[in-house]
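Let's have the full structure, built from the sequences with the hints guiding it.
Chains F and P, in that order, give the protein sequences. The opening residue of the first sequence carries number 64 in this note's numbering; numbering runs sequentially from there. The opening residue of the second sequence carries number 64 in this note's numbering; numbering runs sequentially from there.
Note that these hints are calculated values from the structure, not bench results. Small disclaimer: the values here were computed from a predicted structure and weren't measured. Errors might be hidden in some of the hints.
Said to hold, decoys possible - A few chain P residues that face chain F, going by a derived Cβ cut-off under 7 Å, partial list only:
no., residue
1, Gly-81
2, Leu-91
3, Glu-92
4, Ile-124
5, Ile-135
6, Phe-137
7, His-167
8, Tyr-225
9, Phe-228
Glycine included, every Cβ here is placed at the ideal spot set by N, Cα and C.
2 protein chains.
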Amino acid sequence: MKNLESLIRTIPDFPKKGILFRDITTLLENPQALREVIDLFKKNTPSGINKLVAIESRGFIFGAALALELGIGFIPVRKSGKLPGETIKVTYDLEYGTDTLEIHKGALEKGDRVVLIDDLLATGGTALASCRLIEKCGGSVEKILFLIELDELSGSEKLSKYDIFSLLHF
Amino acid sequence: MKNLESLIRTIPDFPKKGILFRDITTLLENPQALREVIDLFKKNTPSGINKLVAIESRGFIFGAALALELGIGFIPVRKSGKLPGETIKVTYDLEYGTDTLEIHKGALEKGDRVVLIDDLLATGGTALASCRLIEKCGGSVEKILFLIELDELSGSEKLSKYDIFSLLHF
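Structure below.
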């Protein structure tokens, strides 16, 4: 099999000029690669985790497959207005303006040991807001998994109090 | 285990007044239920399928888990502007206005035998547009899987030329 990094396609100027977008869809098309990614995520998930929280929407892809493999519940974090039930919210700063993330009230319980997952670690703002949501629910973030970490954006510094595993670095 | 239907939460007036929203997140929180859903989808996928196409974004959840189980490639269909590479598009009518779906060019090849998956069959417009995308790429839609079908909206009539399996009916 080709190595995982070579299956990530780089697309210049998406979504805007000057951004090198790391496209994971070329990896997802390869069933051996998807299996390898999930196996590596599983290997890097500590024991005793009882809930998986996945960030919309590419985090859902890896999150659902991993939750199935681990035999634990899957809980989505979504952007404002997407979850139908009563939610807990966190608003966080973007480069320009703010964004809000939500989790369903009752989806996590006090004492839950959580693995958080997303496809990409960039500046870390979304992941940090998701950690706050988990903690507001009484859960503890035991591990954060990313397929890709963009090293130059230093997102891991923002998440320094957490245990992070990024499968690929760019 | 409780039956799957009882794990779907019904939320009135979401996303707008008069709609009874069927919330799947309460099912996803239950790992035995997620396993049962994926096993039933697997059982209802014909042999010889070599690609899975999932519709954004709740379709990603079941699609990724099923693609992993089947050992086949995962291909996303997304709303306009979300996929970074060159795409093939289909525009379709909504109650008011139109919507556009996209698939990456090259993600499917002529002769691919495809299973299409989404969480919900309502009027069938999104699924039908996704079938057109698959066929424009030269693939054939061998099966369409839904977790939930809303019977009164008659989406299955719009998809009558396809082989559909809906796990739950409301």
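Hint check results:
no.	hint	result
1	Gly-81	violated (14 Å)
2	Leu-91	holds (4 Å)
3	Glu-92	holds (4 Å)
4	Ile-124	holds (4 Å)
5	Ile-135	holds (5 Å)
6	Phe-137	holds (4 Å)
7	His-167	holds (6 Å)
8	Tyr-225	violated (23 Å)
9	Phe-228	violated (19 Å)
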